[in-house]
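Chain order of the listed sequences is A and B. According to this note's numbering, the first sequence is numbered sequentially starting from 2. According to this note's numbering, the second sequence is numbered sequentially starting from 126.
FYI, nobody ran anything at the bench for these hints, they're computed from the structure. Wrong hints could be hidden among the right ones.
Unchecked claim - Cβ pair distances, simulated, as ranges:
hint, chain 1, residue 1, chain 2, residue 2, range
1, B, Gln161, A, Asp354, 43 to 51 Å
2, B, Gln161, A, Glu249, 49 to 57 Å
3, A, Pro182, B, Gln161, 34 to 42 Å
4, B, Asp197, A, Val445, 33 to 41 Å
5, B, Asp197, A, Ser396, 54 to 62 Å
6, B, Asp197, A, Leu185, 26 to 34 Å
7, B, Asp197, A, Val153, 29 to 37 Å
8, B, Asp197, A, Arg105, 41 to 49 Å
9, B, Gln161, A, Ser53, 39 to 47 Å
10, B, Gln161, A, Ile46, 28 to 36 Å
11, A, Phe210, B, Asp197, 42 to 50 Å
12, A, Phe206, B, Asp197, 27 to 35 Å
Stated by the list, open to error - Covered stretches of chain B, as calculated for chain A (at least 3 residues, CB under 8 Å):
hint, segment
13, 159-170
14, 188-199
Unchecked claim - Computed list of chain A residues with no C-beta within reach of chain B, every gap over 12 Å:
hint, residue
15, Arg105
16, Val118
17, Leu146
18, Ile255
19, Gly297
Glycine included, every Cβ here is placed at the ideal spot set by N, Cα and C.
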Amino acid sequence: MNQVTSELPASVRPSVSAATQTARGGVFSNEDWWSVWIGLLLVVIAWLGFASGSSIKWLAAAPAKWSSVAQAGADIAAHLPNYAVLFVVFALLFGIASTVLKQRLAHFLPAFLVLFVVSLLIFETAAWTQASHYNLEAPLVALLLGLVISNVVRLPAWFLAGLRVEFFIKVGIVLLGATLPFTLLVWAGPVAVGQATAVSLLTFFVIFFTGRALGLDRRFAAVLGVGGAVCGVSAAIAIAGAVRAKREQASVAITLVVLWAIVMIFVLPFTSHALGLSTGVAGAWIGTSEFADAAGIAAAQAYGDIARNAGGAIAGVPEAAVQNFTLMKVVGRDIWIGIWAFVLAWVATTRWDAFEDGVQAKKVNVGEIWARFPKFVIGFVIASALITWIASAYSLADYRKVVTPDLVAPITALRTWAFTFCFLSIGLTTRFGSLSKAGWKPFVAFTAGVAINIIIGYVLSVHVFAAYWDSVGH
Amino acid sequence: MSRMSATSTEIVVLARRQPMETPRCADCRHRLDDRQAIERRVSGLAVFGSAYGASIGESRLCVLHDRLVSPDDRCARFSALDGSAISG
Numbered sequence: 002m003n004q005v006t007s008e009l010p011a012s013v014r015p016s017v018s019a020a021t022q023t024a025r026g027g028v029f030s031n032e033d034w035w036s037v038w039i040g041l042l043l044v045v046i047a048w049l050g051f052a053s054g055s056s057i058k059w060l061a062a063a064p065a066k067w068s069s070v071a072q073a074g075a076d077i078a079a080h081l082p083n084y085a086v087l088f089v090v091f092a093l094l095f096g097i098a099s100t101v102l103k104q105r106l107a108h109f110l111p112a113f114l115v116l117f118v119v120s121l122l123i124f125e126t127a128a129w130t131q132a133s134h135y136n137l138e139a140p141l142v143a144l145l146l147g148l149v150i151s152n153v154v155r156l157p158a159w160f161l162a163g164l165r166v167e168f169f170i171k172v173g174i175v176l177l178g179a180t181l182p183f184t185l186l187v188w189a190g191p192v193a194v195g196q197a198t199a200v201s202l203l204t205f206f207v208i209f210f211t212g213r214a215l216g217l218d219r220r221f222a223a224v225l226g227v228g229g230a231v232c233g234v235s236a237a238i239a240i241a242g243a244v245r246a247k248r249e250q251a252s253v254a255i256t257l258v259v260l261w262a263i264v265m266i267f268v269l270p271f272t273s274h275a276l277g278l279s280t281g282v283a284g285a286w287i288g289t290s291e292f293a294d295a296a297g298i299a300a301a302q303a304y305g306d307i308a309r310n311a312g313g314a315i316a317g318v319p320e321a322a323v324q325n326f327t328l329m330k331v332v333g334r335d336i337w338i339g340i341w342a343f344v345l346a347w348v349a350t351t352r353w354d355a356f357e358d359g360v361q362a363k364k365v366n367v368g369e370i371w372a373r374f375p376k377f378v379i380g381f382v383i384a385s386a387l388i389t390w391i392a393s394a395y396s397l398a399d400y401r402k403v404v405t406p407d408l409v410a411p412i413t414a415l416r417t418w419a420f421t422f423c424f425l426s427i428g429l430t431t432r433f434g435s436l437s438k439a440g441w442k443p444f445v446a447f448t449a450g451v452a453i454n455i456i457i458g459y460v461l462s463v464h465v466f467a468a469y470w471d472s473v474g475h
Numbered sequence: 126m127s128r129m130s131a132t133s134t135e136i137v138v139l140a141r142r143q144p145m146e147t148p149r150c151a152d153c154r155h156r157l158d159d160r161q162a163i164e165r166r167v168s169g170l171a172v173f174g175s176a177y178g179a180s181i182g183e184s185r186l187c188v189l190h191d192r193l194v195s196p197d198d199r200c201a202r203f204s205a206l207d208g209s210a211i212s213g
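Next comes chain A alone, as it looks inside the complex:
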């Protein structure tokens, strides 16, 4: 508690400048909203093309399987105009968002061009017929390549402007919604919420009380706890803001999330493979136990790719890994971040110290819940409902014969591009040397939560709800 030394002069009035006021809210005010607009715009364009008897397949180009370098080169050359148009479309959409959000467009565009070209090369590598033999799944290649480059070479500051990990993953998740039946969200949602809530609460309290037992500050323990329990870095910065944590506390919590999230990108898919888990069950486990959306999508897509190339050795359709991951992580965990922020802000201001370090925290209000709500989930749900409504006019046979190739497949290809931008960006932005030194106490507290999270997530996904997640996966 800080010492009270004097009172503020009553005559003091701030000079309020409208130009410097932070724009509150607004449907163009953050990347979440922009991911909704960009994702839904692409879905609507795909729908309009489909409804007019055409398709955006020409736009959503992707490399074909190849077995020789000459074949790969010819494939790239043949589709070069398509890739050029695709780049222009993505650059235009992301560029507009970047400009409105007051990022540097002059830095973003050249950086995004480099990102696009390298993503194409990764995409092409993963299309090699022998790629699966060497575990060259696109997410893992993108991540490893990015990690090697960023930790060996000092990347220029302008290039970092194009590496918008969260933005790319949110656009990809909205597009993913267009490939999930709305009925699946309604059916699987409650189970996902139940499982995720049980694991989230347990993980939070393990980290929080371990941290407190080790002597960590309450605010720091709360930031660590929610970072491990809910949605990683987004949760850590949300709770750091809600409880008015120190910058260093947020940095350390984020460092621990990043380190463990990257470890789990490799551990969870390969462990799932070793244990022979179906794609549906593995997706649910990854959704329960990964720490960040982008990391989890990378792990789930990698497992889907492993299953696709396993020749039937892994049960379940490959897409089920990403689908179940998303149901568990986005529907089960992410949407509660506003509630966590509200509750912990209330605890911090009424039960802890509202005058921490001389800063008087405002009285918490329920608006906090909506302010921090991950708006991209709205786009994800709308995209799902829209495609489900469109598909309802078709028989199952016609859906598979017409709707899937002409409408759903191009959207899936666009989604894969967005995810690849994201995976490469993760690697390129992760400079281990620039992360904060965590110290052993936060590390022990967070790692205790990781252990509980992994074990309980495994038990619930693989034993308690295995049949359920398997059925969703089929």
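Starting from the known structure of chain A, arrange chain B on it as the hints suggest.
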């Protein structure tokens, strides 16, 4: 922009009975309302997160206290955006 750190003895705590008459962090020059700068200062934030997302809400960094604050928070070390301080 000031980067000095506040110590407990320097801090002038607010008059609780006059909360509406005290300046808000939103109008203080110590509040870093620059999301790009926040990403630079909070290491790792841009790897799996973003200062441009919804989760950060209106929280911003106070460079004086090196702490996240909300626009309606208040502090006796307020310094108006035009540079006029209130304490000392």
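Here's how the hints hold up against the structure:
1. Range check, Gln161/B to Asp354/A: about 31 Å between beta-carbon atoms, so the 43 to 51 Å window is missed.
2. Checking the proposed 49 to 57 Å range against Gln161/B and Glu249/A shows it is violated: the Cβ atoms sit about 20 Å from each other.
3. The given range of 34 to 42 Å is respected by Pro182/A and Gln161/B, whose C-beta atoms sit roughly 39 Å from each other.
4. At about 36 Å, the CB distance of Asp197/B to Val445/A agrees with the hint of 33 to 41 Å.
5. Checked against the hint of 54 to 62 Å, the C-beta distance between Asp197/B and Ser396/A comes to roughly 56 Å, which is consistent with it.
6. A C-beta distance of roughly 41 Å is found between Asp197/B and Leu185/A, which places it outside the suggested range of 26 to 34 Å.
7. Remark: the range hint 29 to 37 Å for Asp197/B to Val153/A is contradicted by a beta-carbon distance near 45 Å.
8. Against the hinted window of 41 to 49 Å, the Cβ-Cβ separation of Asp197/B and Arg105/A comes to about 30 Å, which falls outside the hint.
9. Distance hint for Gln161/B and Ser53/A: a CB-CB separation of about 41 Å, consistent with the stated range 39 to 47 Å.
10. As the Cβ distance of Gln161/B to Ile46/A is approximately 31 Å, the hint placing it in 28 to 36 Å holds.
11. At roughly 31 Å, the beta-carbon separation of Phe210/A and Asp197/B lies outside the given 42 to 50 Å, and the hint is violated.
12. Roughly 30 Å separates the CB atoms of Phe206/A and Asp197/B, a value that falls within the hinted 27 to 35 Å.
13. Given as covered by chain A, the segment 159-170 of chain B passes the check, having 7 residues with a CB less than 8 Å from a CB of that chain where 3 are the minimum.
14. Counting residues of the segment 188-199 of chain B whose CB lies closer than 8 Å to any CB of chain A gives 10, which reaches the minimum of 3, so the coverage claim holds.
15. A cut-off of 12 Å between C-beta atoms contradicts the statement that Arg105/A is not in contact with chain B; the least separation is 8 Å.
16. Distance check on Val118/A: its Cβ is at least 21 Å (rounded) from any Cβ of chain B, clearing the 12 Å threshold; non-interface status holds.
17. For Leu146/A, the non-interface assignment is confirmed: its Cβ lies about 16 Å from the closest Cβ of chain B, beyond the 12 Å cut-off.
18. Chain B draws Ile255/A into its interface by the beta-carbon criterion, the shortest separation being 4 Å against a cut-off of 12 Å.
19. For Gly297/A, the non-interface assignment is contradicted: its Cβ lies about 10 Å from the closest Cβ of chain B, within the 12 Å cut-off.
In this structure, the hints that do not hold are numbers 1, 2, 6, 7, 8, 11, 15, 18 and 19, in rising order.
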